[in-house]
Structure formats: C-alpha cells, structure tokens
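Number of protein chains: 2
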Amino acid sequence: MKIIIVGATGTMGKHLANAFEKEHEVIKAASKDGDIQVDITSAASIENMYKQAGAFDALICTAGPTFVGPWKKMTDKEFRKGIEGKLMGQINLVLTGQHYINPKGSFSLISGALTHEPQLNFANASAANGAVEAFVRAAAIELENGIRINAVSPTVIENSPQYFPFFPGDIPVTMQQLEYGFRKAVFGANTGQVIKPY
Amino acid sequence: MKIIIVGATGTMGKHLANAFEKEHEVIKAASKDGDIQVDITSAASIENMYKQAGAFDALICTAGPTFVGPWKKMTDKEFRKGIEGKLMGQINLVLTGQHYINPKGSFSLISGALTHEPQLNFANASAANGAVEAFVRAAAIELENGIRINAVSPTVIENSPQYFPFFPGDIPVTMQQLEYGFRKAVFGANTGQVIKPY
Numbered sequence: 001m002k003i004i005i006v007g008a009t010g011t012m013g014k015h016l017a018n019a020f021e022k023e024h025e026v027i028k029a030a031s032k033d034g035d036i037q038v039d040i041t042s043a044a045s046i047e048n049m050y051k052q053a054g055a056f057d058a059l060i061c062t063a064g065p066t067f068v069g070p071w072k073k074m075t076d077k078e079f080r081k082g083i084e085g086k087l088m089g090q091i092n093l094v095l096t097g098q099h100y101i102n103p104k105g106s107f108s109l110i111s112g113a114l115t116h117e118p119q120l121n122f123a124n125a126s127a128a129n130g131a132v133e134a135f136v137r138a139a140a141i142e143l144e145n146g147i148r149i150n151a152v153s154p155t156v157i158e159n160s161p162q163y164f165p166f167f168p169g170d171i172p173v174t175m176q177q178l179e180y181g182f183r184k185a186v187f188g189a190n191t192g193q194v195i196k197p198y
Numbered sequence: 001m002k003i004i005i006v007g008a009t010g011t012m013g014k015h016l017a018n019a020f021e022k023e024h025e026v027i028k029a030a031s032k033d034g035d036i037q038v039d040i041t042s043a044a045s046i047e048n049m050y051k052q053a054g055a056f057d058a059l060i061c062t063a064g065p066t067f068v069g070p071w072k073k074m075t076d077k078e079f080r081k082g083i084e085g086k087l088m089g090q091i092n093l094v095l096t097g098q099h100y101i102n103p104k105g106s107f108s109l110i111s112g113a114l115t116h117e118p119q120l121n122f123a124n125a126s127a128a129n130g131a132v133e134a135f136v137r138a139a140a141i142e143l144e145n146g147i148r149i150n151a152v153s154p155t156v157i158e159n160s161p162q163y164f165p166f167f168p169g170d171i172p173v174t175m176q177q178l179e180y181g182f183r184k185a186v187f188g189a190n191t192g193q194v195i196k197p198y
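Residue numbers (our numbering), protein chains in the order written: chain A, 1 to 198; chain B, 1 to 198.
Since the hints were derived computationally from the structure, they do not count as laboratory data.
Do not take every clue at face value.
It does not matter which identical chain is meant; a pair holds if it fits inside one copy or across any two.
To be verified - The calculated lysine-lysine pairs, modelled on DSSO-like cross-linking and capped at a C-alpha distance of 30 Å, are:
(1) Lys22 / Lys77
(2) Lys22 / Lys72
(3) Lys32 / Lys184
(4) Lys2 / Lys51
(5) Lys51 / Lys81
(6) Lys72 / Lys104
(7) Lys81 / Lys22
(8) Lys14 / Lys73
Predicted model only: the values in this text are computed from it and were never measured.
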C-alpha cells in the first residue's frame, strides 16, 4: 500500500512512518525535511504535494497547528492559526486529495479529545477538532469509489510531555495506542468514524 | 434585558425579535436593514456593531452563511463561505463581544443537527457547526464574570420549506420549538451546552 504521511517529521508522524514503512511504501511529507515539502495552510502547496506523490492508497495527517494561549486576549488573528492549519489544512488535504487517491483508498485525519473535553488555552484546537470530526462524518457520505475517511482522536500524547501540565487528569495516549488508532483507520473498513485510541 | 440579535431580518431572527421585544429591549442587527448593519465575515464590522450597540446582556446569533452544493467539485474557495460566515463570524462575535457584554450576560449561537447527522451537499455547514459546538464548550470554561455561552442546534426549520428536500426524514423544527431553544439559552442558567430544541 502506498501511504502518504503529512506531518511525518513530527512526534506522531515519525512514529507512524517507522511503524508502517516496514510493510508499506511510505511517502513522508512535512513542512521541513521529509520526501516532499508541503505547507498545509496553502491549497496550492497541497495540490503540488499530490502531483509529486502520484496516485496513492492512504493519506494520514498528523499535522495540525493551532494557537495555544490565553483566551481573553485572543482575537481573530490568533484564532486563524488553527483555522488555516488543523482545520482548513486537513479539509483541503481531502478536497484536493479526492482527485488523486486510488479507489478504496482512505483519508485518516487527526482531531483530539478537546472537541468534547476542553482545557484552558486550547479553544482554538477545540474548534478545529470539532470541525474536522463533523467534516469526516459529512465527507464519508460524499466520497465515491469506496474511498473512506476517519479521524483519530487522542488525548495528550505520551511523547509530548511538555503538554501534560495543560491537560490535568488526562491519561496520556501511548504511541502504541495512537498507532492502533491509525491502523484501524487505514487498514479497517470503517468510514465517517472518530476513532478514540484509548 | 438588552438583547442584540444578529441575523434579525432572517427567518429565525425575525421570529425571535418579535417574540422577545415584547418584554425586552431588542437591537436588530443584520447585513441589510435592522437597527445596525453588520457583516459578520468582518471582525472590524463586528467591533463597530458592538460600539454602536453599547453594553448589552445577551447576544443571539441566527446568521450562519455556508456553502451548499455538490461536494466533488468543492474547493477551498467554496468552503470558505461557511468558514468565514457561520464559523469565524460567530466566533468573532464572541471574541470581540466578551469585551462589551455585561457581567452575567450570555452568548447564544446557532449550530445545527448536521454536526452529527450529515446530509449530501451540506459538508460545509457540518464543519462549521462542529466547530461552533466545540468552541462553545471551550469558551464556557474561559469566559469570566458569570458570562454564559450556548449553541442552539435545530434540524431544518419549519419556515424554510425550500430546504425540506435536502433533509429527508428530518422532522422540521417549528418556530415555537426554536424559540424555546433560545429561551433556554438566554434566560436559563446553563453554559457550554448544545441545546436541541426538539
């Protein structure tokens, strides 16, 4: 299977690339380094990535920039980080990718527990996650040729301890659990699902 | 109570304005006509609306433009309609409005059943709704001075029969039910809730 991982040089993407490249052709896409450079805040850059990658079977996205910070001083400007990044970035990966993906292929996006369990300073990520999850449900009834779409929704990630203080009481999702979530999304048969790997 | 209704000249806003102005001071804001003109896709226009309205007790938004149409030809461009309208429009009403609203005031936004029950052609609205609902949960733990925030989530609206064919099997929400939903949001004590008026 030919799998594109967007965010392949990040904490989650690196783990998934290592896990999946043993049995599959993995194309690593990232803002820096990787096999293909892509800026997911640019629809043109996304189109260019797909042109370079050619037809593929699965798209995994673990890239989702959002604004983290005090809410009271948050304006339109700060909020755009997650809107352009985790939200429109991932949606454009699908809107454009539907024209490049093989029949029976799949899109696996990243959301997160913040959709339903907010934490202080993370309202931007909550909104982006909520949009991505609702989009996944809507896209699942629109995509043709057996193409599937799901989101994986972890809590805070084991290998990102710098975030632990912001997520009191959230049991970190291990890298193995996260991998299981994406395995279900990519190699399973579900579509329109929000997969909680815990 | 001084209530600003954004979208006051639309199908939902007109009903709510009529219902609430019997007992409250209602300021009608809309893109055309109304007491104050506002373009919710512009953060500057929103700021200007609040400056004209002065301190207030409740903000109701029933304005939520989104793109409706075939998904396969949908690009970044079409998707922006709901991102700038129903999503960022409503979020900016809150981010800016928090600096003008009275203590113990409330924000009541509009989402919709499409968050969890998608229909063909409405993926843009699904994504916008999902973002608004997650934002409401996140904002509820950030807003200070007893300020509340909720979303009202109807299905298709009784007085918008032109949409019925797109919502097979959805029992239309009556104008009275919709009004009850907003009454709970504005005059109740809940916060961070998605209120289904059916």
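Each hint, compared with the structure:
| no. | hint | result |
| --- | --- | --- |
| 1 | Lys22 / Lys77 | neither (42 Å within a copy, 38 Å between copies) |
| 2 | Lys22 / Lys72 | neither (47 Å within a copy, 34 Å between copies) |
| 3 | Lys32 / Lys184 | within (28 Å within a copy, 49 Å between copies) |
| 4 | Lys2 / Lys51 | within (14 Å within a copy, 55 Å between copies) |
| 5 | Lys51 / Lys81 | both (26 Å within a copy, 27 Å between copies) |
| 6 | Lys72 / Lys104 | between (45 Å within a copy, 16 Å between copies) |
| 7 | Lys81 / Lys22 | neither (34 Å within a copy, 42 Å between copies) |
| 8 | Lys14 / Lys73 | neither (34 Å within a copy, 33 Å between copies) |
In the structure shown, a violation is registered for the earlier hints numbered 1, 2, 7, 8, in ascending order.
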